[in-house]
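Enquirer: If you want the building blocks of each chain, they are given just below.
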Amino acid sequence: MVPLSWYLILAAALFSIGLFGVLSRRNAVAILLGIELMLNSVNINLAAFWRYGNVLDMAGQVFAIIVFAVAAAEVAVGLALVISVYRKRNTVIADDIDMMKW
Amino acid sequence: MTTEALIWLIPLPPVLAFFLIVLFTNKNKALSHGLAVGAAFLSWLGSMIVFVRALGVEHLGEHPFESSVNWLPIGDTWFRIGVLIDPTGAAVLFFVSITIFMIFLYSVGYQNFGQPQGGNDVKGLPPHGATVEEHGHKHVVPSVEPMYSRFFAFLGLFAFGMYVLVVSDNLLTFFVGWEIMGLCSYLLIGFWYAKPSARDAAVKAFMTTRIGDVFMLLGIAYLYSATGTLSFREIFTEETLQVLATTMTPVLGLSAAGLIGLLLFIGTVGKSAQFPLHVWLPDAMEGPTPVSAMIHAATMVSAGVYAVIRMFPLITADFTGHGLTTTMSIIAFIGAFTALFAATIAVAQNDIKRVLAYSTISQLGYMIAALGIGAYVAAAFHLITHAFFKALLFLGSGSVIHGMEHGVLHTGNHHVDPQNMFNMGGLRRKMPITFWTFLIGGFALSGFPLITAGFWSKDEILADAFGHGHLWVFGTLAIAAFLTAFYTMRQITLTFLGEPRTKEAEHAQETPWTMTVPLIILSIFAIGYGWVGIPEHFPGLGGLVPNWFHEFVGGTLAEHPEALAFNWIPLITSLTVALGGLFFGWLVYRNVNSVSEDKLQIPLLKNKYYFDEAYDFLFVKPAYWVAETLVSRWMDQGLIDGILHIFGPVTDKIGSFIRKYIDLLIVNEAVGDGSYKVTWWFGRNLRTVQTGRIQQYLMFALFVFMLVGAALYFYFRYFRQLA
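These protein sequence lines are chains A and B, in that order. Using this note's numbering, the letters of the first sequence correspond one by one to residues 322 to 423. Using this note's numbering, the letters of the second sequence correspond one by one to residues 24 to 746.
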């Protein structure tokens with residue numbers, strides 16, 4: 322059986338890729354994609370720990386499903402906001418959306 | 024009703040009258056005086072029944088009427104108050120009730136009841152007279168006193184005080200009655216309070232008697248602490264007196280009995296106007312004349328002498344029969360001195376009431392001197408006869424003044440003083456009843472031989488003084504008796520004899536029956552009361568009538584005083600001074616028509632030996648100085664205000680300091696402005712991080728997350744080993 326560490330390494334790598342995407346991409350949609358990656362890396366962690374821990378305890382799986390649900394809701398709201406900003410300002414570049422500064 | 028119950032009731036009617044008049048009937052003059060006179064009558068009736076019953080009791084001295092009730096709880100026991108009528112008490116009750124009743128009746132006429140209201144009369148001033156129109160022409164008649172009801176209310180309270188005092192069986196209620204009279208004398212002397220002189224006289228009387236009262240209270244307190252009781256009967260037991268007589272005190276080498284007696288006597292000095300506290304009594308003439316009679320005959324001054332008579336067993340507790348004790352010597356000296364000294368002043372007075380005032384002081388001196396030499400019965404006898412003839416004389420003088428005021432109203436010349444004897448003369452024809460009664464009173468005062476009461480009582484005092492070898496007292500009193508007869512005759516001559524010296528005297532008028540009837544009744548006593556005390560061994564008359572008074576009153580004392588052997592010397596002295604004084608008084612003054620012809624207007628006597636001035640200089644001025652200069656200016660304004668004025672600047676300085684260095688500097692600058700500045704600075708400098716760029720925020724978050732994660736990692740790695 323594949324050792325737990327492999328899963329964790331995969332999850333950490335995926336999380337780092339997602340984080341890098343969030344911090345480096347200028348496009349707001351790409352940032353949302355990075356966030357999805359980070360969330361799913363966490364889901365890998367949850368599933369792996371469930372599989373390698375007490376299998377009868379369903380908390381890990383349940384938590385992962387809740388994360389899916391939240392992620393779906395978040396993407397829906399996030400994309401709606403992006404579309405709304407695009408309609409107003411004709412851009413989806415995060416650096417240009419800076420009205421909330423001092 | 025038992026006699027004891029009756030004695031309890033005697034003081035009540037006048038005080039009930041007082042409250043009823045004050046609370047309900049003061050608008051109605053007739054009802055007010057009806058209540059007061061009725062109350063006086065009831066008290067008189069009760070007193071007479073008690074007196075008659077007292078006569079019927081054998082050995083009343085040993086078994087007096089007494090009854091007492093628990094009053095104040097003190098510790099485990101009660102302070103008991105009650106009534107006591109022994110022979111002396113009964114005799115005093117007799118004259119007190121009669122004189123009070125007569126004075127009440129007289130007041131109705133004196134305050135012009137039934138006359139119209141005066142147009143210009145104001146409360147607090149004597150009535151000025153009213154103008155009435157009759158048969159087409161106007162004339163002025165006396166007007167009724169504006170505060171008529173109030174006068175009777177006060178009289179009632181006064182009578183209550185006296186009755187309480189007479190029937191008391193203990194010194195405490197005795198003192199209560201004593202002080203009620205002190206208050207009433209103040210109220211009544213100052214009755215015409217709008218007159219400054221009356222106001223001053225009232226204050227003077229109150230203050231002067233207060234000096235004596237303080238000492239009396241000290242005496243009572245000492246007596247109570249020494250014996251644990253204030254009841255007369257309990258104090259005057261042989262054992263208690265023996266203890267008091269043998270206990271020595273550090274004061275003047277007196278025994279406890281002597282010291283207590285002396286302290287109580289000082290109270291009498293104030294109340295009975297003895298030297299040196301005599302100054303209030305002549306000024307007390309500012310009150311209406313019935314008040315003068317009330318104070319100087321029936322009640323207040325008699326109360327003073329009565330106090331000494333009551334305390335006689337105590338005062339003489341360490342008296343062995345030969346050689347007076349210190350206390351008795353002091354009493355005898357003050358009495359004899361006052362008798363002579365006041366008589367000399369009376370000679371030069373021109374105000375008809377002031378002559379009587381000084382004569383009262385002088386006569387009281389007689390009684391005090393008699394008590395000082397141990398002549399108990401003689402003093403009590405003179406107290407009673409004096410009360411009768413002095414009440415008569417005062418009421419008579421009031422009648423004269425009233426008649427003169429009538430003359431003044433008739434002529435309209437208000438500059439004529441209706442009390443000055445040099446404005447009178449020849450009044451015997453205008454006011455015959457007043458004249459004859461006044462003559463009887465005057466002769467009784469002078470001690471006119473055989474018929475008048477004053478002769479018998481005065482003679483007894485002189486005989487006692489002579490018989491017991493107190494020759495200096497005898498001599499002093501004899502000279503005083505001569506002067507008494509002299510100034511009395513001067514008064515009668517100037518007032519009634521000769522021809523009228525002013526128009527006002529010509530138009531004087533006899534007074535109404537309410538005034539003359541009391542005069543007539545009192546003059547009967549001024550003559551007749553002497554006959555109950557004729558000494559047994561008196562040549563010719565002695566033994567015809569038993570010496571009832573001596574037997575009866577003497578029975579009060581545990582040791583019955585013996586009747587004195589007869590001696591011609593005091594009798595001849597007394598005859599000589601009385602008749603000589605009367606004769607000289609007539610001889611000198613029968614042709615005197617004005618003040619300038621009077622040879623005896625010596626400034627020293629006229630100004631009463633400058634006692635008022637001396638007291639003013641010695642006591643009043645220093646008191647003012649202490650109040651105005653020492654206390655007010657120096658202590659109050661200087662010291663206390665000075666200290667207070669220091670507080671002001673000092674607190675001002677402290678306040679400015681706090682404001683400058685704490686409030687402004689620390690609170691305002693450092694805390695107030697400082698916190699604002701710091702916040703402002705931080706905000707100013709931190710706002711640059713608010714770039715509005717989401718990725719920069721996320722970078723911050725990552726950075727902080729890594730920092731915190733590293734910190735947690737090291738924390739758990741090195742300090743807390745996870746299980």
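Among the hints, erroneous ones may be present.
[What the hints assert, rightly or not] Cβ pair distances, simulated, as ranges: (1) A/VAL350 x B/TYR736: 51 to 61 Å; (2) B/PHE705 x A/ALA393: 40 to 50 Å; (3) A/ASP419 x B/ARG707: 28 to 38 Å; (4) A/ASP378 x B/TYR736: 45 to 55 Å.
[Unchecked claim] Where chain B lies over chain A, by a calculated footprint (3+ residues, C-beta under 8 Å): (5) 359-373; (6) 412-420.
FYI, nobody ran anything at the bench for these hints, they're computed from the structure. From the three backbone atoms N, C-alpha and C, an ideal C-beta is built for every residue, glycine too.
Enquirer: List, from low to high, the hint numbers that the structure doesn't satisfy.
Expert: Hints 1, 3, 4 and 5 not satisfied by this model.
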